Every structure is written in structure tokens, then in C-alpha cells.
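Trainee: Spelled out, the chains give:
Protein chains: 2
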Amino acid sequence: MKKVSPRTLSGFMELLPDDQLVMNELLERLQRSYELFGFSPLDTPIIEAAEVLLAKAGGETEKQIYTMQKGESELALRFDLTVPLAKFVAANYGALSFPFRRYQIGKVYRGERAQRGRFREFYQADVDIIGDGELGLIYEAEIAAVIYKTITSLGLDEFKIKLNNRKILNGFFEYIGERENSLFILQTIDKLDKIGLKAVINILSDKGIKRESIDETLKFLGVSGSNSEILEKLEQYKDKTETLSTGIEELKEVIESLKDFLVPEDKVLIDLSIARGLDYYTGTVYETFLDKHPEIGSICSGGRYDNLAEFYSKKSLPGVGVSIGVTRLFYVLDEQGLLNKDCFSSADVLIIPLVEDLKGPIGIASKLRGRGIKTELYTEKRKLKAKLSYADKIRVPFVILLGEDEISSNKLTLKDMKSGEQRGVSLEEATELILKRKAQTADIRLIAEKKEEE
Amino acid sequence: MKKVSPRTLSGFMELLPDDQLVMNELLERLQRSYELFGFSPLDTPIIEAAEVLLAKAGGETEKQIYTMQKGESELALRFDLTVPLAKFVAANYGALSFPFRRYQIGKVYRGERAQRGRFREFYQADVDIIGDGELGLIYEAEIAAVIYKTITSLGLDEFKIKLNNRKILNGFFEYIGERENSLFILQTIDKLDKIGLKAVINILSDKGIKRESIDETLKFLGVSGSNSEILEKLEQYKDKTETLSTGIEELKEVIESLKDFLVPEDKVLIDLSIARGLDYYTGTVYETFLDKHPEIGSICSGGRYDNLAEFYSKKSLPGVGVSIGVTRLFYVLDEQGLLNKDCFSSADVLIIPLVEDLKGPIGIASKLRGRGIKTELYTEKRKLKAKLSYADKIRVPFVILLGEDEISSNKLTLKDMKSGEQRGVSLEEATELILKRKAQTADIRLIAEKKEEE
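Protein sequence lines correspond, in order, to chains L and H. Note that the numbering used here has the first sequence beginning at 16, numbered continuously upward. Note that the numbering used here has the second sequence beginning at 16, numbered continuously upward.
The following block holds chain L by itself, in its conformation from the complex:
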């Protein structure tokens, strides 16, 4: 028979079982964290009618979308989870309770040019709160708390949530009369470290921006210090425009609320340069960076917006939410050796029978499973050494050895694969030891932060 080469498309992540276990743990921790805040799950189709999915798209995104024809229908694969959310809320408005709190974790598709670390199929983990006509500022603080709790649940300690408020940026650029050039100015100033002050000024001047506006912007974006210092320095801008004033008030209130949400003050930084796309966001915006790995970029971003579903509905549906690009996060952490892979196994215990008759071993496996212990029974006819090497390979924390002696004396030999220690115990004792170790897994740091040598 002619064989087809069993290849997987480039740009599509397909993990070996050991890595998939870690990826699953990552996805499950995100889900559990979102659920802690009372968000409901949503699971929209991966395929949508092209006209629905492309209602808003355009430019770069549209070129990347996977489309296909089936019968007479033009179809497309979702490229994010926000457009399907907008469609869902618009279509089911009457059946939903507002504020509508949903999370969705699923694959999205973008036909980007294949390159290392770029994926065409990747998981996004989104969480959003949608209001009906209005949505209180408290939710903008709550979403920062969601970020804090979620990133912490992965075992990360050394990260910062950077906050800004789009009304501050918009208001400031209104004030200097450069509202229309604001994106261009921000993008140019973002290159300051790379190209130097002189080049920045030249580029902006060429665009026709007055020198004093440039200076004013540099001064404004240069406002730094602790959060309270920044808020204090912003006071001087408060009466400049109404938008600016509202933005500063909102930022102050969000920062204040975060204490009640038990978010440590040192985890949140005001950063006036964060914009996240110019038109969509209208209030608080969020980015999240690892202290020691800024090169990874923001691992959790989003913000407040005023119109979720303007392409589908006349209703005003303001919302706030963030998104995590899970596949890329996993890839980068893995590449840098930051994933704690050794702690996760498909089984809590592997039973290795040393007898022909499998009655006893099967019975013990069934009892352990009845106690919620992930139990694998290894019945291949191989030497003990090969069997233990299989146990090593699947990283199982315990092995149960069952020979004639064990079965006749109603005991079993429990081998701790980490310490190598081996002892004769009753089934009940073994169960307790395995359950104890299993309970610890929930607290294992999924991500190992490299501590600097002190």
C-alpha cells in the first residue's frame, strides 16, 4: 500500500503527551481562575458565515482569515473570540442576564506567514463583562483583579499589570490639538529608545506636528514614579479637558478599588504610554509583563470598550475584558525552559504485576480508581527493568509492585519514583500516600521563574 507522509501543517502546534499534560494544566488553571469570578462558559462555533465574521474585519486581519465555500455558503474560521461574542450577545440579547459575564477558551485561526513561534491555530482565553446600556467602573477594577488572580494561579510571582485609561490619552491629545495624529505620535515616541530623541522629533516634525506639542507630549508621557506620585502629577492636567479630567478620576478610582480586591500594590503600575489600538478601547486598558522576561511581551491584555456589537445591533453594549494568547505563551515559556514539566503525569500510580494471573492487580487498580486515583495497569511481558523505565518515562510519581508474596500477604510494595524508596504497605496506606501527593500537585507552580543569583 502506498503510504502518505504523516505530517502536521507548519504553524500548527501538536504536542507530545508529556507537553500536552502541561498545556492542559495551563488551560485548566486559566479556566478555574475565570470561574472563580463567576464567569459563565461560552463555546461558539469555529466556523461562521463569512459575512457575519467579516462584518468588522478589514486590512491585515481580513487577509489572514481562513475562508471556504461549502455548497452555496461562504464560510470563515473565527480569528478571535471577540467577534463571536459580539454576534452571540446581539443574537441572544433577550435571553441573557446583564451584566453578562462570560469566559471562552478556544482555538482561533489566522493564516499568518509561518515563522518560529507564530501559530496559525492558537488558543485564546478571553474573559469579558458586558453591560446593557451601561457598565460601572467597578468592573474595570474587577478585571484587573481577574488578571492578578489568573497569572498568580500559574505560579507566577514576578509580573506587573500595567494600567492606563484611554480617556487620559484621548483627553491629552485633544488638549494639544493632535487627536487625529495621536496614534502616529504614540507609535513614534515608542521608538525613542531605539532611534533616539533627535530622530523622533524629526519624524514628528515632518508630519507637521509642532515642536511645542512634541515637547508637551514627551513631558506628559514622561510622568513617572509610584502610582500615587503619577496620580498626583496628573492633577496639573485635570482642568485641561473634560475627557482628560474624567480619565484621571477613573484611573484613580480603579487603582483605589484594587486594594479591596486584594491585589498587592506593587503588582500594578500606571503606564501612560499604553494605548492598545486607538479606537476600540474607551476606558481602562491593561497589559501584563513578566519582570524578568519583558521580551515575551504582554501576556494578558485588553480594556474597556463602549460598543461590543455595533456591527450587529443598535443596542449599546459596553464591556470590559482581557485575553491571553495561550499557545504563544506556552511556546515562549517552553522555549525558555520556564515550564515545570516534571511535576505532571498522566497517572498518579502505575501498577506493575509480577505474576501471571492479573485478577489481583486488576482488582487493586479498580479500587484505586474508585478513590479517584489515576491508575494505569502495566501488563506488558517485559523485564522489571524495562517496566520501571516505562514508569520513569511517563513520570509517574508512584509504582505499585505486586508479586506472589504481596498478593498472598495482602500487602503491596509501593515505590516512590522520586526518592527511590520502596516499602510494603496495605492498600489503604498506599491510597492515602498517593492521594496526599496528588493533592500537592494542585499547588505546584506551573511556571518556574528563574531567580537571579543573589
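Worth flagging that the hints you see were computed from the coordinates, not collected in a lab. This one's a predicted model, so the numbers in the text were calculated from it and none came from an experiment. Yeah, the Cβ is synthetic: ideal placement off N, Cα and C, and Gly gets one too. If a hint is listed, it holds; no wrong ones were tucked in.
Once the Cα atoms are required to be at most 20 Å apart in a straight line, the calculated EDC-like pairs of lysine to aspartate or glutamate come out as:
#1 L:Lys71 with L:Glu127
#2 L:Lys267 with L:Asp286
#3 L:Lys382 with H:Asp275
#4 H:Lys18 with L:Glu66
#5 H:Lys330 with L:Glu395
A few chain L residues that don't get close to chain H, going by computed Cβ distances all over 10 Å:
#6 Gln130
#7 Gly132
#8 Lys177
#9 Arg194
#10 Ile224
#11 Leu233
#12 Lys234
#13 Glu264
#14 Lys282
#15 Asp357
#16 Glu443
#17 Gln455
Computed Cβ-Cβ distance ranges for the label pairs, DEER-style:
#18 H:Asp431 with L:Pro279: 32 to 42 Å
#19 L:Ser112 with H:Ser239: 47 to 57 Å
#20 L:Glu444 with H:Glu395: 52 to 62 Å
#21 L:Lys234 with H:Arg47: 53 to 63 Å
#22 H:Glu395 with L:Val440: 49 to 59 Å
#23 H:Lys451 with L:Val440: 30 to 40 Å
#24 L:Phe199 with H:Ser424: 52 to 62 Å
#25 L:Lys433 with H:Leu399: 47 to 57 Å
#26 L:Val370 with H:Glu89: 50 to 60 Å
#27 L:Glu310 with H:Pro279: 55 to 65 Å
Using the hints, position chain H against chain L.
Mentor: Chain H alone, transformed into the frame defined by chain L:
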């Protein structure tokens, strides 16, 4: 702005939050059950190269496949989880430990004619054990145990796992010299109840099948009784052909092993008419039926096969596995009102502040979340009645009411939404009560079997 109608394609299931919670619970219980047996997760791409995915396909399936062109590549969406598994094992043979035990729960795509209860995007939940060159009979018993444990974990009690062995069927048709017509004969006899004996005999005679072969087949398929009675009656066929003899021995051994796997005898029925496609399966085959709802069809099916990856690899990779069509199962159970929907909520508790200052309520919410309690904070400015009606709508089991009195006395009012009972308790007492109720959810029957009136 011109609005696009926010529609979802027909044949694609998109659930409202309450239903999605139940679907998620269903998917999670399947996953936990598969994991109990030490299976590793696998997550292959939804898009594959068309030539890879279609290596085996043909006929009806091929027509239903979603294909698309992206750049120069011909792509296709997976239509099951078996072909991607075959590709994966063939491609990663050297990196896997055998027997390779994997589960995969994911969406697959078939462009079937849209009709009620038929889905074009649906979840399959597959579990397979793949051997390297050989695979012991014990795994065929273990998969039946996986079915039992999995279906039971959904809360079902009244079901039967029907077993057969393809070697018995193959051996029997060899013996009567009708190996080539075996599928046709089985399909025709399957219509016996519908069209009557005379019509069956006519159809088979027209095909050129001898009357004595027809009688012999009817007698063979009519073998009935308890499992041990059937096995005893099969003894008379044992020396007819070697295949038949092996099949009978295997079936006996699998049935015998199931006792050790703690599968109750009354849950397993030998059914000699089960074939499940003629060529792929080579040993034990499984189907699973609800006692009171046979019209749903088999909810979990599969079998033993000898060549997982013959289109990709020269290696002999025998395996055994089963699949659950989750989306259809959910749909049918829901339609028949058999899903226990009321017991699942996106939150374990809803906090309703009756004060302006949210400091206290936010603090309590954060503490509850710290204890693993799914907590939603309802801060909308509405009347208490409207707030409690929101609580009803999201089916939350507890509400915490926080007024001036509660906050100043360091107590809170906990309302049990089921009983309506309301009492003043400390935060610690409330935590314990909520955690206790939460722990019970794990044991809730997801599926409510309608008991007959006795």
C-alpha cells in the same frame, strides 16, 4: 451603520450559558473518567493537509469533508479523531511509549445535510490504547471497564454494554462460505423486525445466498440467553473454523476479566449481531444503549483493530478504543428532558451589597475566591427584588446580603436560594456551608433517568 444579522450557521450547536454549563460538566466528567485510567491527553489540529486527512477516506465521508485552499495548500477539517491519531502515532512513533494510551476530546466537522439533531460541528470523546506490534486481550476488557466507569460517572444506572467479537462473525461466515456477503446478510437480517422473515429470505435468496446458509445464520444470530448461556451454546461452533474458535475464546476471556474490573455482570450483554463496520474491527466490538431509551442508539461504540496507521506507516499498530458522540448525546438527552440542569451554576455564591461603599463586599468576595469558591459580586443599582431575580436566573445556590448592620457587626446574611432560608452567620460559617454544598455537586447525577412508575 448598516447592521449584519448576527446569525449562527445551521447544524452548529451554540448554547446559552445555562446549557453550556451542563455541556461543560458533561465534557469534564468524560475527561476525568478517561484520566482515571491513566490516559494521556492529545490535542491535534482541526486543520490538516487534505492529502493526509484523505489518505483513507472515500465514499460518503469524503463528500462531507470541509476543504479549503490557503495559498498553495489544500487543507481539510478533521472529520473524526481516529485519522489524526493514526497520523500522530505514525509521525511520532519513536518518541512514544507503548502501549500508548491517549484520550482526545474535540470538535470534528462533517458537512451533512442539515436536519434536526444532526450536527456539522460536534464533539467526539475518544479513548484508545495502541500497541507496538502486539496488544494483549486484557486491554479489550479494560476498554469495556472504561465505558462502564465513564457512563456511570454521568449518573446513569440503566444501560447495557453490548459486546461481540468480530472473529466470531468472520469465522461463522467463513464456515458457511459467505464471508464476502457477510455485511449484506447482517444488514438484511437487521431488518427482520421491520419487514418480516419472508421478505428477509427473499432478499437474501435474490442475492444468491443458499436457503440453508440463511437458516444457519438465523439460528446462529438467534443464540440468546445470559452471557454464560450464550457462551455455552457457542461451544457447538468451536471446531467449525479456527477464527470462530479464537473469537469464542477471546469473548469468554474478556467477559471473565470484566469481573476483576468490577464491572457488574448485569451491565454487559453478549450480542452476536453487533458488527460495527466490516473491515476495520478485528476483535471485541462495543455498543452502549440506555435501557429506557434505545431510540437514542449507541452512545459509546468502538472496538479492537489491527492496523491503526496502515496509510501512513509500515509498522503494525494494533489498538482498541471507543468514541462518544458528545454533541448528539447532549442534544438528545436535552430534548427528552433528561438533563439535570438545575444543579449547575456559574457561581457558588452571589454577593449582593445593600450599601453604597463596596469596600466590604469586594473584600468578602476576594476572601471567598481565595478559598476556591466561585463568587460573583452583583453591584448593579437595582431594587432588591430585581437583584434576587437575577440570582434565581443564574441558579446560584447561595446569596450573601450585606447591609450596614451586617458590615458593622462583622456578620453577613446567607440566603439559601433553594429553601429560601436566611440566616446571620460569620464569614467562616458561610464559607463552610458553601464549600459543603459545592462538594456535593461532584456527585450530582448529570442525567436524570426517568424511573418507571412501579
